Structure formats: structure tokens, C-alpha cells
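Peer 1: Each chain, letter by letter, is given below.
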Amino acid sequence: MVEVNEKIAIEHGLKSDEYKKICNLLKRTPNITELGVFSAMWNEHCSYKSSRRHLKKLHTKGDQVIQGPGENAGVVDIEDDDAIVFKIESHNHPSFIEPYQGAATGVGGIMRDVFTMGARPIANLNSIHFGSPDHEKTRNLLRGVVKGIGGYGNCIGVPTIAGQTCFDESYNGNILVNAMTLGLVNKNKIFYSKAAGINKPVIYVGSKTGRDGIHGASMASAIFDDKIEEKKPTVQVGDPFTEKLLLEACLELMAGKSIISIQDMGAAGLTSSSIEMASKGDLGIEIDLTKVPCREENMTPYEIMLSESQERMLIVLEEGKENEAKKIFDKWNLDFAVIGKTTNSKNIELFFKNEKVAEIPIDFLAENAPMYDRKWIKAKLPKENNFSKEQFKSLKLGHCLKKILIDPNIADKEWIWDQYDHTVMGDTIQKPGGNAGVVRVHGTNKAVAASVDSSATYCHAHPLTGGKQVVCESWRNMIAVGAKPIAITNCLNFGNPEKEKNMGEFVECVEGITEASKYLNYPVVSGNVSFYNETKDKGIKPTPSIGGIGLLSDYKKMMTMELKNEGNYLLVIGKTEGHLDQSVFARNILSEFNGPPPEVNLFNEKQNGMSVLNLKNKNLIETCHDVSLGGILTAISKMSIKSGKGVKLFPLEGLVNKFEYFFGEDQGRYVIEIKPENLEKVENILKKDSIHFDKLGLVEGDKIALENDIKLSIDDIKEGYKKWLKEYMVN
Amino acid sequence: MKSSVIIFPGSNCDRDMDVALKKFGFENQMIWHNDAKIPKSDLIVLPGGFSYGDYLRCGSIAGKSRIIKSVIDFANSGGLVLGICNGFQILTETGLLPGILQQNKYLNFICKNVFVKIKNKENKYFKKIKKEVLELHIAHNEGNYFCSNDELKSIEDNGQIAVTYCDHKGNDDEKNNPNGALKNIAGIFNKDKNILGMMPHPERMIDPFLSGEDGSLFFENLIESL
Chain A
1 MVEVNEKIAI
11 EHGLKSDEYK
21 KICNLLKRTP
31 NITELGVFSA
41 MWNEHCSYKS
51 SRRHLKKLHT
61 KGDQVIQGPG
71 ENAGVVDIED
81 DDAIVFKIES
91 HNHPSFIEPY
101 QGAATGVGGI
111 MRDVFTMGAR
121 PIANLNSIHF
131 GSPDHEKTRN
141 LLRGVVKGIG
151 GYGNCIGVPT
161 IAGQTCFDES
171 YNGNILVNAM
181 TLGLVNKNKI
191 FYSKAAGINK
201 PVIYVGSKTG
211 RDGIHGASMA
221 SAIFDDKIEE
231 KKPTVQVGDP
241 FTEKLLLEAC
251 LELMAGKSII
261 SIQDMGAAGL
271 TSSSIEMASK
281 GDLGIEIDLT
291 KVPCREENMT
301 PYEIMLSESQ
311 ERMLIVLEEG
321 KENEAKKIFD
331 KWNLDFAVIG
341 KTTNSKNIEL
351 FFKNEKVAEI
361 PIDFLAENAP
371 MYDRKWIKAK
381 LPKENNFSKE
391 QFKSLKLGHC
401 LKKILIDPNI
411 ADKEWIWDQY
421 DHTVMGDTIQ
431 KPGGNAGVVR
441 VHGTNKAVAA
451 SVDSSATYCH
461 AHPLTGGKQV
471 VCESWRNMIA
481 VGAKPIAITN
491 CLNFGNPEKE
501 KNMGEFVECV
511 EGITEASKYL
521 NYPVVSGNVS
531 FYNETKDKGI
541 KPTPSIGGIG
551 LLSDYKKMMT
561 MELKNEGNYL
571 LVIGKTEGHL
581 DQSVFARNIL
591 SEFNGPPPEV
601 NLFNEKQNGM
611 SVLNLKNKNL
621 IETCHDVSLG
631 GILTAISKMS
641 IKSGKGVKLF
651 PLEGLVNKFE
661 YFFGEDQGRY
671 VIEIKPENLE
681 KVENILKKDS
691 IHFDKLGLVE
701 GDKIALENDI
711 KLSIDDIKEG
721 YKKWLKEYMV
731 N
Chain H
1 MKSSVIIFPG
11 SNCDRDMDVA
21 LKKFGFENQM
31 IWHNDAKIPK
41 SDLIVLPGGF
51 SYGDYLRCGS
61 IAGKSRIIKS
71 VIDFANSGGL
81 VLGICNGFQI
91 LTETGLLPGI
101 LQQNKYLNFI
111 CKNVFVKIKN
121 KENKYFKKIK
131 KEVLELHIAH
141 NEGNYFCSND
151 ELKSIEDNGQ
161 IAVTYCDHKG
171 NDDEKNNPNG
181 ALKNIAGIFN
191 KDKNILGMMP
201 HPERMIDPFL
211 SGEDGSLFFE
221 NLIESL
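Chains as they are written, first to last, in this note's numbering: chain A, 1 to 731; chain H, 1 to 226.
Think of the hints as simulated: they come from the structure by calculation, not from any bench.
One or more hints might be untrue.
Said to hold, decoys possible - Computed spacing ranges between beta-carbons, pair by pair:
(1) H:M30 with A:C23: 57 to 63 Å
(2) H:S77 with A:N617: 56 to 62 Å
(3) H:E174 with A:G654: 51 to 57 Å
(4) A:N333 with H:S154: 34 to 40 Å
(5) H:K37 with A:E136: 55 to 61 Å
(6) A:N445 with H:E122: 47 to 53 Å
To be verified - Footprint (simulated), chain H over chain A, 3 or more residues, beta carbon under 8 Å:
(7) 238-246
(8) 531-545
Stated by the list, open to error - Among chain A residues calculated to face chain H with C-beta under 8 Å, some are:
(9) G157
(10) N172
(11) F336
For clarity, every value in this text was computed on a predicted model and none was experimentally measured.
Cβ coordinates follow ideal geometry from the N, Cα and C atoms, glycine included.
Start from the sequences, fold in the hints, and give me the full structure.
Peer 2: This is the structure in C-alpha cells:
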């Protein structure tokens, strides 16, 4: 056996003082298996040691919340005993090293988190970020990630209903792959990971354990260097077929009453799943590693404990229910083994070939895990740019629009979502490419909307504002399909937390998220943190991804963004000040990359959103789209392209110039389509509620037209928008 | 009318098919792949999905499963057998239908609405459908139909081509071929036209709030013709 010393501990990703703390706690030197267990539990990915104290501030409560952060996933009430289980999780590091498997197992992992709680997955989403399109690795990474997400989700038969794809050079060396799953469960039949009772059998089910993924969680807690290719063996390999069987078998077992607690083996595999179950139940656990089904020969206790082989679950059963449970797993051809029992020792005790190979008090691994109060610095709000008249003088509206529509972050992403099965399960009523994906709650009149958003550019310019903005954008996407926003899950992707600037970005983004989610009653119920997204000293822009869900009590009243009828009015809800700093226009047309992000006014955000929902509930809105990247003209272009219907814009009133008006990225705005006969009624309601609105134009013809200025045929603007990604991927 | 949907490990359109069949009046039952016998049925459906993970080759392990012998016997005695997507792949693997389904021409999974032209209405599957062109939905990675020249001649001579990919006007040319399938073939019959395999999923098009409603026409005709 390997002699453990400080050097070996450091190779396991532990710091020198952390190793000393382990020796002090144990009052001896750990053996190699124990060191492996400590390193797995104490790394950033599992222990949240840099983030824990800040995450406590998140707004996590609300009448709709059944389960907040701390479980496998969050759970919210959607009435009539139905509940939605959902969570987003990162799989960034593995996806950069091995895009197909990294992304596939990311999808597999998040789906397990959801069905572990007794829910049948009903929708998948994802948020993926890549380096600059010009970077040599981007194309292959994008292809691999999309194939991986599709390969896994399509096989399981869960529709991928929405997502987001961004390009920015800050991800050249660290791509982001965040996967989200929603599941449906009866709120009285939710399963938790907390073990209870002693001498209860501990069951291992699913795939066999192999040597793949050993130290995956530690890798996810480290920055990358030149030797990154050597890490390939630490990427897990996914088998969606086995996951599908595991899903069906678990749900079949859950229909009975034999499960006390259940936990999937995700990051740090058997180690973290067994310790979490025991820790939450304030119990001990005893495992005989000889009984763990292994795929490879001569696996050591160390390897068995640290393997991250996929598609495995740990279950604590009621005594005497083993045969009943085994029958179900036999039917689905899955491994089933009783590998241990719960105890009252409050220790984790591991046996191998009749010898005790490890014994550690569970407290040491969970509660006593390090927690750091890392130093951080506050970001200053950048100075506003004063754009001169000269800068706009030679610009043409149409030319600017066309350029913006082929910006990689705006151009159509059909090439991606055509590769995801988004219609299986027969309840997808809004497909990818809209404001949010929407699936019906099977067999009811209800539907659930979901989207994922991030705004790294804004967060980079000013983390506090950016954090607020991304929550608001998610909220707006729910409103825009006519759903009442319910709750969010967050995936916090940041650089190295040991650097004060990065830590500051994290702290302030979390602050912004908290402020907005509290104000909007849009609580965070689950999520994860991914630090160390950094290669050779270059970190990513701060990228919190927010996955939001909303409820439609009558799916027939869902709103879409396709323009409906000639002669209808288009209104912009919310005030347009013409904020160009940090906009797509400023970067693409004016080559200006500095300045503050658009200000977020939570009061207006809420008023405007509630007012749109109110109009929708009165059946006064035909179409709705939120105004985001690229401003008003980009928003209506997308609406026109989707429907094939043109827009005649009214001449501008007010002080802002047309570029500021049409491309400004002010927050809290929507474009809505109103029938002429409803116009007066709508105007009166908006005036009464003191909601600012502009009359933008009419649905008319097949062109986007502004008198004495532009006359762009839809086919003309559509071409570049639709083609950009397809052509990029072919080249 | 009684229908049976076979569930293989890895099937994932079994529930959708069950919902669709019941919606249009079938009394449907779900049959486990490891069962020896299929209860009395007027129609057997092999649903879409990834049976046995589609390992080895799409549909190949399912083509050797325990239940499949009963399916073959039922088909050979003239019973109606419908295979959708993975079910089509399984039917070619059993030899009940000629040809094979290769990986899509551009090597990507494709999920989108397509139009198909009905090529033969002299059968129970399309007899009473008034439209010539249906809008259906595909979701597959291996839908690129291929067969030998002799087989092609034989299926053409026997009117075995059921549906072909086309545009909304019914032009079934190469421009409207999503996956590279030979002659734009989206579905074929056996000689007696009691077995139909097709890649598009009618069960996903049975409601105005979904991708479309032409799938309803398919099921309405089916229950009426039986």
C-alpha cells in the first residue's frame, strides 16, 4: 500500500494546511483510501468551500417551494398535488477535454438528480458557451457537445425543449456545458437522500463500477494547463441505454413503499453518495467493497470509492424488502447488490476482503470540511460612453440590423436544436427557438415553461447589475409565453476563486441574483457552482446561468412570438432610454467594448411583467416577445422571420436617436401584438397602471419598413440569420 | 379494436403510441419484450426509441428478442404490424420488410417536421385518407433507407413504397430528402401490405397544439379500416 504523506495529499488537490487538518482530526496519518475519500469530499466541487458562506444569502423561500437547495434537486408546487423537480448543473471541465462524453454524462447526471427524487423527467434544457468562432477548437467542441447532449437525451426519450448558445473568446480555453432537467412528481411521493434508521440494508443498483472518472470531481476543482490531454481518463463514459433502464426500474420501485432514501452516484461516486445519505440522517454507514459489482478486475478499495462510473444509484431500503426490489432490477437487467448497512457509529467504515480498510467520522468529511472566507474586491461601475453624433452619421439602419442578425450570439441556432429530439413524450407545445420551451403536464390543462439564460457580458462589465439582469431576463421569458414565473435554479460558472477579482465577481453576481429573485418572488431552489474555469491564468467571464420555470394554468392560452395578423398594432411595453453601452450594437457597429451594462430597475421590471400577464389573462395580447440582445429591431426581426409577416414602423418620437431606440438594450421591455379593436382598452389599462408604452407599428406586408429609411424584405434579413451557424459548421 | 404495443428495453415512444391509439378508439395493451405470447390483437405496433440501446446495429437485438417470434407469426398470418422509427428498423432486421436503414446522410440526428407523399392507398393504412401529402414529424439518426437494385425493382413493381419525403406540394425530389433515403423512401410495405414500417412519427401529430394534426388522419383511417 502507498505510504501517505503531504506530497501525495497535494497531488490529490489538497492544500498543505488541509492535509494537516486531516491528520489532526484523525489524530493519525490517513491511509491512501481515506486520503482519497477526504480529497473527494473536500474539493471545491463537493464541499463548496469557497462559495458556501455566500450561497447562504440566496433567496430560497416562497409558498411555492417544497424543497430548496441541499437536496438532489429543488422542488416546487404547481398545484393539484403536482410538483416540478428541477436543477441545473455544470459539466464544464470534462466537456472541454472530451466534448461528446463530457456533455453526454452531464445530461445523464442531471437527469439522475431529478429521477432520484421520484420524478419522471419531462424536459431537458442546456446552456452552452464556447470560445470565439475563429478559435481553432470551437467548431469541434461545439459539434461534440451538441452530439453528446443529443446522443444522451434523445436515447432516454426526454425532449430537449430550450437552450442557449453563446460565443466569447473568454471561453477559448474553458467551454461551459450546463445541463438542466425538469421532472414531474406527485408532491406526496417525493424521495429524499436523508437516511433513517439503523441496520437498514444499503443497496447498490445500476451499472458496474469501472476505473473511469476517478478524481473527476478533483479535476473539476482545478485550473487547466498544457497537460490537459492527460486528464482524458478522468472523463466518465455515458451509457444512456442503461440510464433509461435505471430510470424505469427506479420509478417502478418507487411506486411501492420500500425505499427509505435514495441518492445517485454523481461527482465522487460512492464516496459522496454514501456520506451524504449518512450525514443527512446523522447516522453511520458500513460498506463491504468486495460486494460492489465491478466491471474491471483487481479494483482496489481506493478505486472503487473514487470511481465516477455513470448510471449508478445507492438506496437505503426497509429491511426485508430486498427480494421485492431485486426482482424489479432483475427485470430491467441491472446489477443489484446489498453492499452494506446503516449503523449508529456516525462513522463511515469500509471493508474489503474481510479487512477494515477505512474508518472516518462522517462529521470530519461533511461539517468539518474546510470553509473559506476568500478575499474579494468590489467592482466599480464603469463610466458611461458619450457617443458623438459623428459616430452615427454614416450608419445605415438596415446595414446595422443585418450585421447584428449574423452575430454568432444572435443568429439562429436551428442547426443545434434540430439534433435534439424536442417532441418525444408528445407534450411539447413550444419548441426551441421561442422565448421559452413549454411542455404540457401530461393529461392536464396545465403546462410548464422553462428557459436558461446568461449574460456574461453584462456580468463582466458590472457583476452586481449582471446578476440582477439575468434573473430578470429569465423572469421575462416566462411572462413572454404567458406563464407565471415560479422559481429558478442557478449554475454559477466562474474563474479561480483564489483570485480576489474572480471571487468579487462571484460574490457580487450572487448578491445581484439574490436581490432580483427576492424582489420578484422568484426563489432559487437548486443549483451548483463551478469555479476554476481558467486556463493558464486566463479565466472566463463571470457566467451565472439561470434556469427558470413558470406555470401556465391553461396551456391553450400560451403566447408565442410569431406575428399573427395583418393590421394588428405592435406596442413596446417599458421605457426605451437607448442604452447602448455593452450592447451588441456597441460591440459590432461602434467597436466599443466598455461602459456599464443597462440598469436594472426591479420596480419597473415587476410592474411591466405583471401588466403583460394581466393583459394576457384578459385575452388582449396576440403575440409577445421580450426585448433582449440587439434591442427592439432585433426582436421584431425575429418575430417577422418566424411568421413571415412584415412590420410597418411608425416614425419615432422622443429624444433618442433611431440607433439608440432600435438597438438599445434597456431592460424590462416586451413587444406585444394587439388587435385594433382592443387597442383603446389596452392603452387605458396601461395608462391606469402607469406603465410606459410606445406605439411601435403595424403588422403589415412582407417587409420591415420605416418611412424614408428602411424597407427590408423578410427573405433578405432571414437569409443571413438562418444561415450563419449552418455555414460555420460546414466549413 | 384491439392493439398491442411492444415495449423493448430502450423503447421511448411506447407511451406516446399508447396515448395516440387510445385517443382514436383502440383498446390498447402494452406487451413486455420478454413475454412469450401476444394476446389477441387486431394491430401490433413496434414503437420508436432505442431498443437495447441500438447497440450492435439499430433494431438488431430487438429483432432477435423473445417476443419477436410471435410478431413474425402474427404478420405471416396476415395480421397488421406497424413499425415506427426504431420499429421500422426492427422490421427490416427481422426480414419482414426488405432493405436497411443507414445513418443519415449528413451524419446528424434530425428532429423536425417533414412532408410525405402517400404513394399507395390500396391498403388499410392509407385507404380512406383524403389528402395526398401529410405533414408528419421525424426524429432519428438512422433513417436513410437503402436496398439493392433488385429489391428496389421488386418493391416498386409491387407497389410497396408507402410514403416518400416531399415538399408541401408533393414534390418528392432530392431537394426534399432530409436523410439521403433511396428514392426519398420514408416508409414501405411488405408484399401483402399488412406490414408497414415508416420513419415519421404520426403519434406526435395528433393535436393542434403539437407540431401538427396530420397524424390524426393516419389513426382515424386505421381504426375505420380495421
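Peer 1: Any CB of chain H closer than 8 Å to the CB of G157 of chain A?
Peer 2: holds, 2 Å
Peer 1: Close enough to count: is the Cβ of N172 of chain A nearer than 8 Å to one in chain H?
Peer 2: Hint violated; N172 of chain A Cβ to chain H Cβ min 25 Å, cut 8 Å.
Peer 1: If you check the beta carbons of N333 of chain A and S154 of chain H, does the distance land in 34 to 40 Å?
Peer 2: The hinted range 34 to 40 Å holds for N333 of chain A and S154 of chain H, with Cβ atoms some 39 Å apart.
Peer 1: Take the stretch 531-545 of chain A, compare each residue's beta carbon with every beta carbon of chain H, and decide whether three or more fall closer than 8 Å.
Peer 2: Coverage by chain H is violated here, the residue count being 0 at a Cβ distance below 8 Å.
Peer 1: Would the hint on F336 of chain A stand, with a C-beta cut-off of 8 Å toward chain H?
Peer 2: It is violated, given that the least Cβ distance between F336 of chain A and chain H is near 16 Å, above 8 Å.
Peer 1: Does the Cβ distance between M30 of chain H and C23 of chain A fall inside 57 to 63 Å?
Peer 2: Holds: the Cβ-Cβ distance is about 58 Å, inside 57 to 63 Å.
Peer 1: Is the distance from the Cβ of S77 of chain H to the Cβ of N617 of chain A consistent with 56 to 62 Å?
Peer 2: Roughly 57 Å apart at Cβ, these two residues keep to the hinted range, so it holds.
Peer 1: Can you let me know if the beta-carbon spacing of N445 of chain A and E122 of chain H is within 47 to 53 Å?
Peer 2: Taking Cβ atoms as reference, N445 of chain A and E122 of chain H lie about 41 Å apart, which means the hint is violated.
Peer 1: Can you take a look at whether the stretch 238-246 of chain A is actually covered by chain H? Rule is 3+ residues, C-beta closer than 8 Å.
Peer 2: Coverage by chain H holds here, the residue count being 6 at a Cβ distance below 8 Å.
Peer 1: When you take the CB atoms of E174 of chain H and G654 of chain A, is the distance between them in 51 to 57 Å?
Peer 2: holds, 53 Å
Peer 1: Has the hinted range 55 to 61 Å been met by the Cβ atoms of K37 of chain H and E136 of chain A?
Peer 2: holds, 59 Å
Of the numbered hints listed earlier, those contradicted by the structure are 6, 8, 10, 11.
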